[in-house]
Amino acid sequence: MRQDRIERLAVSIVEFCRFLRIHGLPGDMRRTVTALEAAKAVDVADQQSFAFALQTSLCSTMEEWVQFPRLFQEFWGESQPGPRSASDEHRGPSKNDGRSREDGSSVVLGQASENAPLSDTKGRAVYGASAQQRLKKVDFSEVPYDDLAVLEELSLRLLRRMSLRLSRRLTISNVVDRIDLRRSIRRSISRGGEPIVLAYTSKKPKKRRLVIFLDISGSMNFYSLFLVRFAYALQEHFRRVNTFLFSTDVVEISDLLRTRSLPEALRGLSQRAAGWSGGTKIGESLRQFNRFYGKKLLSRDTVLIILSDGWDTGEPELLAAEMRVARRYAERVLWLNPLLGLKDYQPITRGMAAALPYVDVFAPAHNLESLLALERHF
Amino acid sequence: MPVLPTRPDDEPLDEHVNASDALADPDALVRGFERWGYIADRSLATAVYLSTKLRKPLLIEGHAGLGKTEVAKVLASILGTQLIRLQCYEGLDVSSSVYEWNYQKQLLAIKIQERTEQTIEEKERHIFSREFLLERPLLKSMLAQDASPVLLIDEIDRADEAFEAFLLELLSDYQISIPEMGTIHARHIPYVILTSNRTRELGDALKRRCLYHWIDYPSFEKEMRIVRARLPDIEEELSGQVVQFVQAVRQLDLAKPPGVAETLDFSQGVMALRSHRLDMDVISETIGCVAKSMEDAVKVKAAGMEKLLPQIP
Numbered sequence: 002m003r004q005d006r007i008e009r010l011a012v013s014i015v016e017f018c019r020f021l022r023i024h025g026l027p028g029d030m031r032r033t034v035t036a037l038e039a040a041k042a043v044d045v046a047d048q049q050s051f052a053f054a055l056q057t058s059l060c061s062t063m064e065e066w067v068q069f070p071r072l073f074q075e076f077w078g079e080s081q082p083g084p085r086s087a088s089d090e091h092r093g094p095s096k097n098d099g100r101s102r103e104d105g106s107s108v109v110l111g112q113a114s115e116n117a118p119l120s121d122t123k124g125r126a127v128y129g130a131s132a133q134q135r136l137k138k139v140d141f142s143e144v145p146y147d148d149l150a151v152l153e154e155l156s157l158r159l160l161r162r163m164s165l166r167l168s169r170r171l172t173i174s175n176v177v178d179r180i181d182l183r184r185s186i187r188r189s190i191s192r193g194g195e196p197i198v199l200a201y202t203s204k205k206p207k208k209r210r211l212v213i214f215l216d217i218s219g220s221m222n223f224y225s226l227f228l229v230r231f232a233y234a235l236q237e238h239f240r241r242v243n244t245f246l247f248s249t250d251v252v253e254i255s256d257l258l259r260t261r262s263l264p265e266a267l268r269g270l271s272q273r274a275a276g277w278s279g280g281t282k283i284g285e286s287l288r289q290f291n292r293f294y295g296k297k298l299l300s301r302d303t304v305l306i307i308l309s310d311g312w313d314t315g316e317p318e319l320l321a322a323e324m325r326v327a328r329r330y331a332e333r334v335l336w337l338n339p340l341l342g343l344k345d346y347q348p349i350t351r352g353m354a355a356a357l358p359y360v361d362v363f364a365p366a367h368n369l370e371s372l373l374a375l376e377r378h379f
Numbered sequence: 017m018p019v020l021p022t023r024p025d026d027e028p029l030d031e032h033v034n035a036s037d038a039l040a041d042p043d044a045l046v047r048g049f050e051r052w053g054y055i056a057d058r059s060l061a062t063a064v065y066l067s068t069k070l071r072k073p074l075l076i077e078g079h080a081g082l083g084k085t086e087v088a089k090v091l092a093s094i095l096g097t098q099l100i101r102l103q104c105y106e107g108l109d110v111s112s113s114v115y116e117w118n119y120q121k122q123l124l125a126i127k128i129q130e131r132t133e134q135t136i137e138e139k140e141r142h143i144f145s146r147e148f149l150l151e152r153p154l155l156k157s158m159l160a161q162d163a164s165p166v167l168l169i170d171e172i173d174r175a176d177e178a179f180e181a182f183l184l185e186l187l188s189d190y191q192i193s194i195p196e197m198g199t200i201h202a203r204h205i206p207y208v209i210l211t212s213n214r215t216r217e218l219g220d221a222l223k224r225r226c227l228y229h230w231i232d233y234p235s236f237e238k239e240m241r242i243v244r245a246r247l248p249d250i251e252e253e254l255s256g257q258v259v260q261f262v263q264a265v266r267q268l269d270l271a272k273p274p275g276v277a278e279t280l281d282f283s284q285g286v287m288a289l290r291s292h293r294l295d296m297d298v299i300s301e302t303i304g305c306v307a308k309s310m311e312d313a314v315k316v317k318a319a320g321m322e323k324l325l326p327q328i329p
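Residue numbers (this note's numbering), protein chains in the order written: chain S, 2 to 379; chain R, 17 to 329.
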């Protein structure tokens, strides 16, 4: 009888972990096992102890910790811990999540899937050095539709090469830091203890962290697509890249860009990010970013890259204040503005003017060449 | 944080009986913590209890100054065991966390051995023996002789990812290999407590191995109990005002909201000024205890008495 009860409880705990997974908590195998062990160690008749035991074994961030009591309540209810089933209760939300957000974002989706096969059939024909040169200089907003696929493939290749070169450059260093006593003494033994050959250590060069903050509002329509690819190419070769999209809200897409194929990443993207082609509130978005991610991501080895045209419908004071915060924590702030490619562009929009004092590098980002030129700023 | 009050003399307790009793169940741990002046809620006690029972590391996260580090110190006191602390920082490496050879001594030994008939192998064995080994915290926790120590790995988020990966290996096998000596297994598996201020996200692999506890700002009642436990001399009325004030300050949008450590500092500051109640003058004199930057201080002052201490005329 007792054995039976314990078994039923174990089944319920496993069900509960599945329930947590549905709601975005990890609930993986290892944590499930820990939860089972924990339940065995406490008095399960006492619901509070039981809840705390599961909480400490199944959560591992503050967000999960805060969410847990509600989820626990929802699953176990007022009753004593007993068998429940998770699978039949929560089918609704996870299913229609994707549907509800298909506004402007489907633009990206459509192009991604159409272009993938195109680049195979049409792309090859134009591959000459001259065509590449031409495409490198063409403004993204003026790309004729036929060239789009070629440009895309070219850009991915070039950007990939650039990020590869960057990561190589960062690992080569001949600067001698200090003597490695351990190795020196080791070597000296065969010479009777006379340290003739010294061994040195040098600091391992640390790769910089990149944080990319990409504007996807309406005014950036022509560019945001390419810039997402730019972010994707960078992410492929830098281990520490975090990418955020913003228009009026901020959403992190680093995990999406880490998927193997670009079309797949873009498909996920169109479901995740709301507000494609919407209005812009750079200041507000940056405030959200600083609040929720800033402390974690920005540090003395971080380069913050903001990709935006600076058209801001929010308060310029807010933007300036938030830029100051970001500038203080990051090592360097790059603002890449596609409009800078226009001949007579002046950064006089209110937002841009407010942000400019806190920007270390203000550079164009309207064509491939300008993106490749960024290499020296990293 | 102020120094922990020592246990009152009129409570003589046999250490060993005490240790196993204190770990009997979460409630016993709550009482154990309280005896050492630490007000722990059931949730924390359950986490610590499970960590000792399942022998899993406990990761405690929370804002600065909420007593994360104290948990390990108090646990060591309750168990009557040694506390071994490793403070993490950027660039922390194996030689300052695990072990290092005593190079000066090795050099001297080589010189002394010069005229002897020993072979090179013998010499090498000699200078790489335990005698020349400097034990750093992690190795020390493996070598503890008579009982499991409490190993506190403080502010793990400050160490870099490479060290985190190394730690992962250590925490799963509790063994360390030293190339010159071989592998060392832990005699007594330490109780491991890790703390983090969340300045960076920890790797999932590490988090998966740990139990987790999040320490939030305490409620008014709990903070009152903490203040009374730590500062028995404070007047009832003043402590109420101080806690109420700090709780209100936490609601402001500060860059560094005050933790419990700040509450205690602030209380001591006010007591040192021999004030019996809070008013704006006392607050401006002691504002440095609560607000830790110029901007924050300005914000606190701007909020004004009326908002922060509404019950005082």
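No lab work stands behind these hints: they were computed from the structure.
Note that the coordinates shown come from a computational prediction; the quantities given were computed from them, not determined experimentally.
Treat the hints with care, as some may be off.
Below, computed lysine-lysine pairings styled on DSS-like, alpha-carbon distance capped at 30 Å [unchecked claim]: (1) R:Lys238 / R:Lys69; (2) S:Lys296 / R:Lys272; (3) R:Lys139 / R:Lys89; (4) R:Lys89 / S:Lys41; (5) R:Lys89 / R:Lys121; (6) R:Lys238 / R:Lys72; (7) R:Lys69 / R:Lys89; (8) S:Lys296 / R:Lys121; (9) R:Lys315 / S:Lys297; (10) R:Lys308 / R:Lys238; (11) S:Lys296 / R:Lys315; (12) R:Lys238 / R:Lys315; (13) R:Lys139 / R:Lys156; (14) S:Lys296 / R:Lys127; (15) R:Lys127 / S:Lys297; (16) R:Lys121 / S:Lys297; (17) R:Lys238 / S:Lys296; (18) R:Lys89 / S:Lys296; (19) S:Lys41 / R:Lys69; (20) R:Lys272 / R:Lys89; (21) R:Lys317 / S:Lys297; (22) R:Lys127 / R:Lys139; (23) R:Lys72 / R:Lys156; (24) R:Lys272 / R:Lys238; (25) S:Lys297 / R:Lys89; (26) R:Lys323 / S:Lys296; (27) R:Lys72 / R:Lys139.
Status of the hints after comparison with the structure:
no. : hint                : in the structure
1   : R:Lys238 / R:Lys69  : holds, 27 Å
2   : S:Lys296 / R:Lys272 : holds, 12 Å
3   : R:Lys139 / R:Lys89  : violated, 42 Å
4   : R:Lys89 / S:Lys41   : holds, 27 Å
5   : R:Lys89 / R:Lys121  : violated, 34 Å
6   : R:Lys238 / R:Lys72  : holds, 28 Å
7   : R:Lys69 / R:Lys89   : holds, 18 Å
8   : S:Lys296 / R:Lys121 : violated, 44 Å
9   : R:Lys315 / S:Lys297 : holds, 24 Å
10  : R:Lys308 / R:Lys238 : holds, 23 Å
11  : S:Lys296 / R:Lys315 : holds, 20 Å
12  : R:Lys238 / R:Lys315 : holds, 26 Å
13  : R:Lys139 / R:Lys156 : holds, 26 Å
14  : S:Lys296 / R:Lys127 : violated, 52 Å
15  : R:Lys127 / S:Lys297 : violated, 51 Å
16  : R:Lys121 / S:Lys297 : violated, 43 Å
17  : R:Lys238 / S:Lys296 : holds, 28 Å
18  : R:Lys89 / S:Lys296  : holds, 28 Å
19  : S:Lys41 / R:Lys69   : holds, 10 Å
20  : R:Lys272 / R:Lys89  : holds, 25 Å
21  : R:Lys317 / S:Lys297 : holds, 29 Å
22  : R:Lys127 / R:Lys139 : holds, 11 Å
23  : R:Lys72 / R:Lys156  : holds, 19 Å
24  : R:Lys272 / R:Lys238 : holds, 21 Å
25  : S:Lys297 / R:Lys89  : holds, 27 Å
26  : R:Lys323 / S:Lys296 : holds, 29 Å
27  : R:Lys72 / R:Lys139  : violated, 41 Å
Hints 3, 5, 8, 14, 15, 16 and 27 from the earlier list are contradicted by this structure; the remaining hints agree with it.
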